[in-house]
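A.B. asks: Protein chains in written order, with my numbering: chain V, 1 to 163; chain B, 1001 to 1181; chain A, 2001 to 2420.
Quick caveat, the hints were computed from the structure, so don't treat them as lab data.
Here are the simulated DSBU-like pairs of lysine-lysine, each with C-alpha atoms no more than 30 Å apart in a straight line:
{"#": "1", "chain 1": "V", "residue 1": "K80", "chain 2": "A", "residue 2": "K2261"}
{"#": "2", "chain 1": "V", "residue 1": "K80", "chain 2": "A", "residue 2": "K2114"}
{"#": "3", "chain 1": "B", "residue 1": "K1043", "chain 2": "A", "residue 2": "K2162"}
{"#": "4", "chain 1": "A", "residue 1": "K2340", "chain 2": "V", "residue 2": "K148"}
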Amino acid sequence: MAQVVLDRLKEHFATEILETGSALGNEWARVRRDAWRAVCEFLRDDPVTQMNMFIDLTVVDRFGREPRFDVVLHLYSTDKKHRIRLYGGVAEEDPTIETLVSVWVGANWFEREAFDLYGVRFKGHPDLRRILMYPEFVGHPLRKDYPKEKRQPLVRRDPGRVD
Amino acid sequence: MGFDAITGKLADAVNWARKWSLFQYPFVTACCGMEFMATAASKYDIARFGAEFPRFSPRQADLLIIVGTITERQGPALRRIYDQMCEPKWVIAFGVCASTGGFYQNYSTMPGADQIVPVDVYIPGCPPRPEQVLDALMMLQDRIQRGEGHSQITIKAEKGYDVPIAAIRPIGHKTEKSEGK
Amino acid sequence: MADHKLPATTSPATRRVVLGMREASDLDELELPSETMPLNMGPSHPAMHGTVRMVLEVEGEKISSADIQIGYLHRCFEKESEYATYTQIFPYTDRLNYVSPMLNNVGYAMAVEKLLGIECPERAQFIRVIIGEISRITDHLTCLGAGAMELGAFTPFLYNIKFREWLWELLEELSGARLTHSYCRIGGVVADLPEGFGEKLRAVIAKGREVLVDVDKLLTRNRIFRDRMDGIGIITKEDCCAYGVTGPMARSAGLAYDVRKDHPYLVYDRFDFDVPIGSVGDNFDRFAVRVEEMYQSMRIIEQALDRIPAGPVMVNDPRVTLPPKSETYNSIEAMIAHFKLIMDGIRVPPGEVYSFTEGGNGELGFYIVSDGTGRPWKCRVRPPSFANTAILSKVLPGLFIADVVPTFGMVNMIGGECDR
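Only chain V is shown next, with the shape it has when bound in the complex:
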């Protein structure tokens, strides 16, 4: 039902859209990393797509695959009522991608969370700091190689006791 969005994207960004598809009722497109913000601005401003509502931004850790991280963005149009999911592949050695704060202000907190839990940095973000974990925390906990039960306590009653 959002095929019109995919067609429009392929029309305007022939080289930057690497793949598109539609599965289980969701349409998706894979975007080249350096065109991330340009594609999003187009989706917001184009009169056919009109993706004015920012829904969600998260990261998937495809551990063992290159590029390791996929930044996943969900967008919605309140007038046309269609949705799309965008993927931006981000490599582990250089986990940066452009920020979307200038396109939708609400991306601010979602990008901070992605940085906090996965370590993906957003170029141009006004205030990239941890949001769910505390500043003294070391590491990015939702990565697949961070053990689930590794705590970094801030304060303990009995310093000799560990958990």
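Chain V is fixed; fit chains B and A onto it per the hints.
C.D. replies: Chains B and A only, in chain V's frame:
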């Protein structure tokens, strides 16, 4: 009738007054807060135990009820609030997350609030029914009557004065004599 | 800063004497050197709405900037769900938005069912709608009750909790727990409605309407309540789209987006209900939208109780359903199937899906990435409270410190959902 009989009765009377006029500080974080609200509301009425009105300043409270999951990030705040309370003070760990961490055993939750504050009564349940909470309150009242709250138990330190066992040092802190509390 | 405005007919000399200043016009341009004071509304505060830390920079009573720090209830839903089977995640979803737990259960179950390509039976869909709307009512009751209590109105809080207790008793009869039910399963619900549930629910709704009328009499035209809520914390439709704000907050600003109407799921398209839309986008609009939504939820429940069909409540698919106990104890195939479903989990085919429903606070989305085993590779919740709280850093500057309390109350930030 010696002097002890009078002070004994006085201690009993004071403890009786303490247990029926608890000023609670509900440190509410999560879902157990909903059951706490239900306990404080009209059907399960914690007011009949004298513990109705929450004192939202730790300086004025004597019962710290830790309701809900405590995360590592929350630790310093909870410890500071506990330290700001005046003696005698009691702590109830409400819910299984505050008692042991519950089914949240991960990098961010503290496995129980007793990692940082000494707890008098633990209430299991996820969330516990209000009847359990009232039962725990009555258990606490029995302890108060006997004068056995953790903040009232002291050890005789080497220097000869009483030291409460609820002592804490932050991680990494080094003292000259670090064995013993 | 008092407003010493004298009538313009007084002579300049009189004004100078009365105001005691060298130049009467100085009063309007008086600029004293000052700096803002940081004020910490810390992680534990009396506005009993979960733990959040707001570091406000204030000039006098006016807030000049607000830094909202969340994360004090980060319980690692995503990390835990990577280690749990699909059915074991249901208790974790209960504790996301813990005032409307059934809505989270339903949302998550629908997401996994989409990946599996199954649909639960019709009776189960009706049941999911009924319990979802009951949860929505409890969500709004808690929000409005606690919000009113923070402004000093204790009685509406007690009335709302009384109504909530009746609903919780019914849900306890249904699922065994008052608050965190874990009642849904992949493919349906765990058990059918008990005997007499429909009549009891109708009776509770009838009594509940009277409670709502009582609360309305206490609050809606209350001078103090209106003064503290009207015109405070206004958000616009464009802000809502930019921040991703949905649910009662967006609808109060005029954005007509309700997932139940725009993208109907389960059997919502068969019911006749309205979606209240506000006009101003202030705190009072959010309050009124929630009250009206409760009435609409009660309408949906009554229609659903009238039309609910008979039938099974769990899909009859051996990939997802546990075999009946009589077979499990008597035949080896059923026992092995039971064992595999519990230990390995439901084997979901590899794929990714984003499934969204209308939660208590807005669009509750579940983005699940499956790798073919019984445990998800990633199970992400798109939390409506997260976006709703983010907009506070834009709304709060310019308000007074005392306005933070009703504004934050009407945002209905649920810590379990915002921090996950």
